[in-house]
Amino acid sequence: MRDVSFIVEPDNPEGVDGKREVAHRLRGGFGFPAPYGHEPLGIWQSNKPRIGFNIDIVGGSVGSLAAAHKAVVRSDGAGHWVDMLFDCETDALAVQSPYTHPRLAVKVKQPGALHVRLPPWLGGERFNVEGAEHPVLRDGYAVIENPPVGRWIGFAFDLPIHETTLTWRDSAICARLRGDEVVAMDNFGTDLTFFSPFD
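Everything in the sequence shown is counted per the numbering used here, starting at 39 for the first residue and increasing by one.
Hints are supplied without guarantee of correctness; some may be wrong.
[Unchecked claim] The calculated SDA-like cross-link candidates involving lysine to any residue, where the alpha carbons are at most 20 Å apart (straight line), are: (1) LYS108 to ARG155; (2) LYS145 to ALA170; (3) LYS147 to ASP177; (4) LYS145 to PRO198; (5) LYS108 to LYS57; (6) LYS147 to ASP125; (7) LYS147 to GLU183; (8) LYS147 to CYS126; (9) LYS145 to THR128; (10) LYS145 to GLY117; (11) LYS145 to GLY169; (12) LYS145 to ALA132; (13) LYS147 to SER113; (14) LYS108 to HIS76; (15) LYS147 to GLY115; (16) LYS145 to SER99; (17) LYS147 to PHE124; (18) LYS108 to GLU77; (19) LYS108 to ASN85; (20) LYS147 to GLY169; (21) LYS108 to LEU79; (22) LYS108 to PRO140; (23) LYS147 to ALA210; (24) LYS108 to PRO71; (25) LYS145 to PRO158; (26) LYS57 to GLU47; (27) LYS147 to LEU103; (28) LYS145 to GLY161; (29) LYS145 to LEU103; (30) LYS147 to ALA109; (31) LYS147 to ARG164; (32) LYS147 to GLY178; (33) LYS147 to ALA116; (34) LYS147 to ARG214; (35) LYS147 to ALA130; (36) LYS145 to TRP159; (37) LYS147 to LEU215; (38) LYS57 to VAL42; (39) LYS108 to ALA132; (40) LYS145 to VAL187.
No wet-lab data here; the hints were simulated from the structure.
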């Protein structure tokens with residue numbers, strides 16, 4: 039939770055620690071929402087709190103996010119590896135994500151083979167490479183043995199629109215994705231949603 043402006047400080051004449059500086063203490067908390075938003079369907083009819091944010095899981099959540107971010111790219115004796123299609127920059131590589139740029143682009147800053155993991159929805163040969171030799175496909179990676187150093191290499195491919203159905207608490211939830219990015223999801227008319235409604 040980043041925006042805590044809606045939280046009203048409770049009366050606290052007894053000076054109970056749990057009621058002191060509530061908004062300030064909840065900033066940065068993680069919630070247990072539904073996949074589509076902060077208000078799960080039926081929450082207004084239940085005896086559960088409407089929206090729950092929990093400070094006790096922040097450490098584990100942030101640790102997991104940090105570990106995932108650390109795994110975006112890596113370099114070792116076999117070369118440079120792009121394992122997730124996120125924007126990222128290290129001393130050895132710079133990556134521009136196809137989700138935030140017109141295409142995936144990688145700049146190798148230090149000599150070494152380049153390995154780019156191919157998402158399962160991208161068929162082996164359904165991409166074009168600009169700025170380097172066409173890669174060899176090996177074990178789910180596009181491999182360029184001698185990429186140019188200091189120049190962008192472009193990987194042009196479409197981010198396919200596809201749909202899937204998730205199951206959450208006995209509910210079927212339809213989702214539309216663009217590549218791996220969720221662009222729409224059933225929200226059952228609830229408020230505080232994360233995505234555009236699935237139509």
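Which hint numbers does the structure go against, in order from smallest to largest?
Of the numbered hints given earlier, those the structure breaks are 3, 4, 5, 14, 16, 18, 19, 21, 22, 23, 24, 25, 27, 28, 29, 31, 32, 34, 36 and 37, listed in rising order.
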